Every structure is written in C-alpha cells, then in structure tokens.
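S.K.: Respectively, the protein sequence lines represent chains A and B. Reminder that position 118 of the first sequence reads as 118 in my numbering, one-by-one numbering, no gaps. Reminder that position 162 of the second sequence reads as 162 in my numbering, one-by-one numbering, no gaps.
Source of the hints: derived by calculation from the structure; they are not laboratory data. It should be emphasised that the depicted structure is a prediction, and the values quoted were computed from it without experimental measurement. Glycine is no exception: its CB is placed at the ideal position from the N, C-alpha and C atoms. Some clues are possibly wrong.
As the list claims (entries may be wrong) - Output of the computed footprint for chain B on chain A, the stretches with three or more beta carbons under 8 Å from beta carbons of chain B:
| # | segment |
| --- | --- |
| 1 | 28-38 |
| 2 | 41-48 |
| 3 | 53-64 |
| 4 | 91-97 |
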Amino acid sequence: MNKNMKILIVDDFSTMRRIIKNLLRDLGFTNTQEADDGSSALPLLKSSDFDFLITDWNMPGMTGIDLLKAVRSDEKLQSLPVLMVTAEAKREQIIEAAQAGVNGYVVKPFTAQALKEKIEKIFERVDA
Amino acid sequence: MTEQAHQENLVEYAKTLVEQLESGDAKEAMQTIASLHQQRDHILFQEVGKLTRSLHESIKNFAIDAGNSRVQEEMSRMQDASERLNYVIDKTEQAANRTMDLVEQTMPVSSDLRASASGLKSEWDRLMRREMSAEEFRSLTRKIDSFLASAVDESARIDSNLSDIMLAQDYQDLTGQVIKRVIQLVKEVEDSLVGLVAMASNIDQLTGVKHEFTEKAPVSVEKDIGPEGPVINPDKRDDVVSGQDDVDALLSSLGF
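Next comes chain A alone, as it looks inside the complex (with noise of 0.2 Å):
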C-alpha cells in the first residue's frame, strides 16, 4: 500500500474530519485533504488525482451516497476507491451503499483498528 497515497476526507464536522487525518496520520498517511460535503467534494476530486475517498453520509449539501453516485458515474473516478465512514445504521442504507459501489463502510463510532482493518482490505483489492 502506498503511504503517499492522495486521500480526501469529507465529512461536515471539523472535528471528526480531523480525529480521521489523526487516525490517518498514526497509520501513516499523511498526503490527506479536507472538504466538508460532496458538492466541495467533487469539484477537488476532479480537478487533483487523489487515490481514495473517506466520506461521511450525512451532510448538509451534496450526500455521502449522492457523491459516491457522481464518483461512480462520472468516467475518470469511477474506479476511485470509496470508504464510507457514517453513523447511519440502517440495513438498507448499507445495502444501498454496496449497490452503489462502497469499497468499505465503516460506522461511528468506530475504532482506529477498524478503520485501519477496512482501508487495509480495500487496497489489498485494489492491488491484487
């Protein structure tokens, strides 16, 4: 896994945002960026080469699942990794999620040890 990786995290709350670049950091990825939801998101995503996405669900603006969509959609990020990182809890929002193309999804709160379990099997996928 390349540590150098470019990384942007989207999440509304400054604080979770930098409890992920934290979590991140110790794991050591320190290339990372911020926006705080997906219509700030996927203007940065399209502009600069990030080599993964960390997104909240929740946010005022463009959603998690609405940028996971556009990402999906749009012919030079579709195969962007996508790690989901949200406190919505439902059955059928995981599972919309999947459908929509997820590489991982994690739920608040969670643990650095999830977090890092989650981005260490997305990109042993990625890799193989």
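Following the hints, complete the assembly by docking chain B onto the known chain A.
M.R.: Just chain B now, kept in the frame of chain A:
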C-alpha cells in the same frame, strides 16, 4: 368562574328564556339570548386567556440559570432554542478540539520518552551482560543522568496535559443544562398544544359546532432511506445494524 358555574348559568339563562318565551315576552327573551351569547364569549375569552398566559410563561421560563454569573450573562443573550443548541455544538466542538490539541502535544512527548528508554535499555542489557567497556559505561551513566532529569520534566508535562484533558470535559455540565432546558421547553410547548386541542374541543362543545372530518389519507408506509443521523435506540429497532460486526456480516452476505 368555574366550568360548573358556567354550566349552571347557562341552565339558568335557558330556563329564564323558556319562561319568557312562554309568557310571550319577546323583548326580554332577546336580551336573555344576548346574555347567553355573552356567557359563551366569556368562556372562550377565559380559555384563550389561560392558554396565552401559559404559553407566555413557557417562553419566559426558558431562561438558563447556570451557576456562575459569566455563564448566566452569556446565556441571557441567547433568546431561543436553536441558538442554545448551536451553543451546544460550539461547546462540544471546542472541547473536542482542545482535547485533540492536548493529545497531539502529548503523544510526541511520550513516544520520545519510550524511544529514549528503549535505547538505554539495550545499552543497560549490554552492561548486565558485561559487554561494556569502561569508556562506554561512563557515557551510559551520563545518558542515564540526563534521561532521568528529562523523564521528570516530561512526565510532569504529560500529567499536566492529562489534567487539562480532564478539565476540557466540563462542557458536559454546561451543555447538559442547556439541553435539559430545551427538553423542558419542548415538553411545555407540547403540554400547551395538548391544552389547545382540549380547548378547541371545549369550544366546539360550548358553541355546538360540529366538524365534518374527512377520513385522513393513510400515512405513506414507503420506507425512508434518507439519512437520519446516529441511531439513538439500536436495541429497540430491527432495521439497523448494532455495530461494525453487523455491517461486516451484512456486506459479506452481499459478496463483499
């Protein structure tokens, strides 16, 4: 005037009215009808008045009485529930950031301590195994001396940061008070609304108004899968997962 007194008055007026009509005293009868109307209006005004007062009280009572005057002053400027809830968001955000600042400051301190200690440990092991020259031993004692001095300072810093982290949790008290107030207001408003509904039915009864209620369209049972935020009561619901293990099981059943 109590409801019963009103009732008795109405009966009294009605009796008088019948008597007046039977004796052909139309003019007096009209006056009695006017009094009946007045009686009804009086009851309405009284009920509306009561409700207005209790609503007004609910709103007026929605003022914080936190312990110290600084907070009180701060609170008195917040006039409505949404402002109060924004205060909760701000306070929790500040506390989270303060805590994370302190953790970020403390982590390198403790990892430096660990790195120094583990370096010394390997040299110490060599000494124990008598693999160390006299020159190396002198250098080790100097290192141990400076390590012990810095360990005292650094662990004091860790202690102080930990105690600041503890203090940063005082938001729980302040936000708890504010949220309790908001809950109380919501409850009072609900009670007042229930009172309003009861009064409306009283008015219907007093005025003899009948409503043609059209059958309500059944509420759409289509499930909403839009975002709903954190689930407050996962143990009482069967449509939500109970944790990461559940998510993993569900995803793996979908072939993930």
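S.K.: So, for every hint listed, does it hold in this structure?
M.R.: Hint-by-hint comparison with the structure:
1. 28-38: Coverage by chain B is violated for the segment 28-38 of chain A (0 residues, Cβ < 8 Å).
2. 41-48: violated (count 0)
3. 53-64: holds (count 3)
4. 91-97: Check passed, 6 qualifying residues.
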